[in-house]
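Trainee: The lines below spell out each chain.
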Amino acid sequence: MGSITQDVEANGERKDFFNISIATRDVYGETLAELGALNKDIVVLDADLSSSTKTKKFSRLFPDRFFNIGISEQDMICTASGLSLTGKIPFASTFAIFATGRAWEQVRQTVCYSNLNVKIVATHGGLTVGEDGASHQSLEDLALMRVLPNMTVIVPADGFETKQVIEEIVNYVGPVYVRLGRAKVPPVMPESYRFKIGKAYIFNVGLDVNIIASGIMVSMALNAAQELRTQGVDVGVVNMSTIKPLDTEALLMVAQKSKFIITAEEHSVIGGLGGAVSEFLSEVYPIKIKKVGVNDSFGLSGKPDELLEFFGLTNKRIVDMILKELS
Amino acid sequence: MVDFFQSRDINFLKEKARQVRVAILKMLTEAGSGHTGGSLSSADIVTALYFYKMRHKPNEPQWEQRDRFILSKGHAAPLLYAVLALSGYFDVELLKTLRKLHSPLQGHPSSKLLKGVEVSTGSLGQGLSIANGIALGLRLSKIKARVYCLLGDGEIQEGQVWEAAMTASHYSIDNLCAIVDLNDLQIDGRCSDVMKIDPVAKKWEAFGWHVFQINGHDLEEIVETLDSAEKIKVKPSVIIAKTVKGKGVSIFEDKVEYHGITPTLKELEIALKELGENG
Ligand SMILES: Cc1ncc(C[n+]2csc(CCOP(=O)(O)OP(=O)(O)O)c2C)c(N)n1
Ligand SMILES: [Mg+2]
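Protein sequences, first through last, are from chains A and B.
Residue 1 is where the first sequence starts when you use the numbering used here, and the numbers rise one by one after that.
Residue 1001 is where the second sequence starts when you use the numbering used here, and the numbers rise one by one after that.
Mixed in with the good hints there might be a few duds.
[Stated by the list, open to error] DSS-like, lysine-lysine: derived pairs with alpha carbons at most 30 Å apart: (1) A:K40 to B:K1115; (2) A:K199 to B:K1112; (3) B:K1112 to A:K196.
If you are wondering where the hints come from, they were derived from the structure by calculation, not from laboratory data.
Sequences and hints are given; from them, build the entire structure.
Mentor: What follows is the structure, encoded as structure tokens:
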């Protein structure tokens, strides 16, 4: 496996997606194609969305290791399971809501119960799907996957992290769910960052409040923190990219320094990152937890930015929430 | 290729099928719960697979070249446990622990707990997709092994079965043989009353499969058909096996209520006598 620091093309252009704005699904497509050449055990399945999930590049390069299963997500998950039983490393991709919703019971009964080495890498998570509206936006996927025994759940925050996540899960044996997005996301992770399953990245620890964020909300949390600092608030930010297993050590450490905690995610406030953080801290270190996310409702059609604004997934909302708590 | 006794001799297979039925009835009576009818109806077919057709090594369950069996109708777990025990995957004494706390013999098969179980099943409708995936993986790895998948006739009401039927045909998966146990019973009654599945053979044909229709209790016909199915190329093949639910014990035969209840001690006695088993 090429280490990311060596991933520099001959012309000097970096291939590790450091410091660029890019959709995480695009990084997935590129990374998968690259890994396909290095590891012949990788097989890819899609359900008629390969141009959107970006598995198309892999399909062109390695047609005999790509299976379009058609619009049948349940069949796709179980076919991937069968492939894993012969030692292949299957990546199954479609939109997040179809992978985790339509095929939930297949993921439960076949992938997780038998503890199979299936990688479900779904794109179009959250509201930033945009114009397609509520039917295609997934605000429940993290809750649905997190509840399953044996499942690992990961939400990368930017392109640089996404590439590392995809590389890392090839070497991990067991079921994994990775949630990616449709829209471009700004870079947030520092060059020295190395992703490890179950390891949170602490940007800094705040003595007033710490924001535990995932996905696109990491960038918003960083912006909010910067703004709050100018007002004298001591804010910390944590990228909790692995939702399960949760980095409870990091979480407890920052909670113990905080007056309260904010969670921020592009998901329902029920059952996702906010749920996971609350479940853990309520037992070992009861502290006030405020959740930024979608409040128990379906999405809408609109531009990604308009939707984030309407549903309150913004820097400003985080800032206001924190100022209100501190006053 | 195998390290235990397998044969095409019909009398040998009949005797094995009889022993399998005896084991099923004993373990179910001991357990006090479980699925009697559907375990008995598939007994001849699965006996022919484990004691004649499939290349497998009971003392090396993960042998890479083995043929694979996927019990999509996972509620027939007692049948799978009986053939696994009788072919030597584990001690037959273990059959007595069926469904008991901490037994590897779960109510529905668990691949994490029991050697010889390829994948956990129990939720109907998923096995054929899994079998497709295994068959595709074997093909990619250039392993010549075959995959067998047993489905119930009620089970084929599940939409996913037909998704998988399309996939097998689309990818010309010919190292796969599906078997449908056509006993015309499910839980709530006859399939024709609950949700009509006819015409079964035409459906599979229309989905691009090579179809065999046989008597699922005629071991001669079963072994011949398993041999013929292996010669079908480019297409997947399906054996539609006409069976009688509860086959082998007249008081259970074709009775919908014996789907999910187990013999009483008295019934076990009658059943064993009928199967020529003393004691
Ligand atoms: C998805 C799912 N739904 C319902 C059940 C409950 N169930 C167990 S067996 C059965 C009937 C199966 O009938 P059939 O497939 O004909 O099996 P057989 O007659 O061979 O026992 C049902 C509905 C299940 N196991 N899985
Ligand atoms: Mg039936």
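Trainee: Which earlier hints can't be squared with this structure?
Mentor: none
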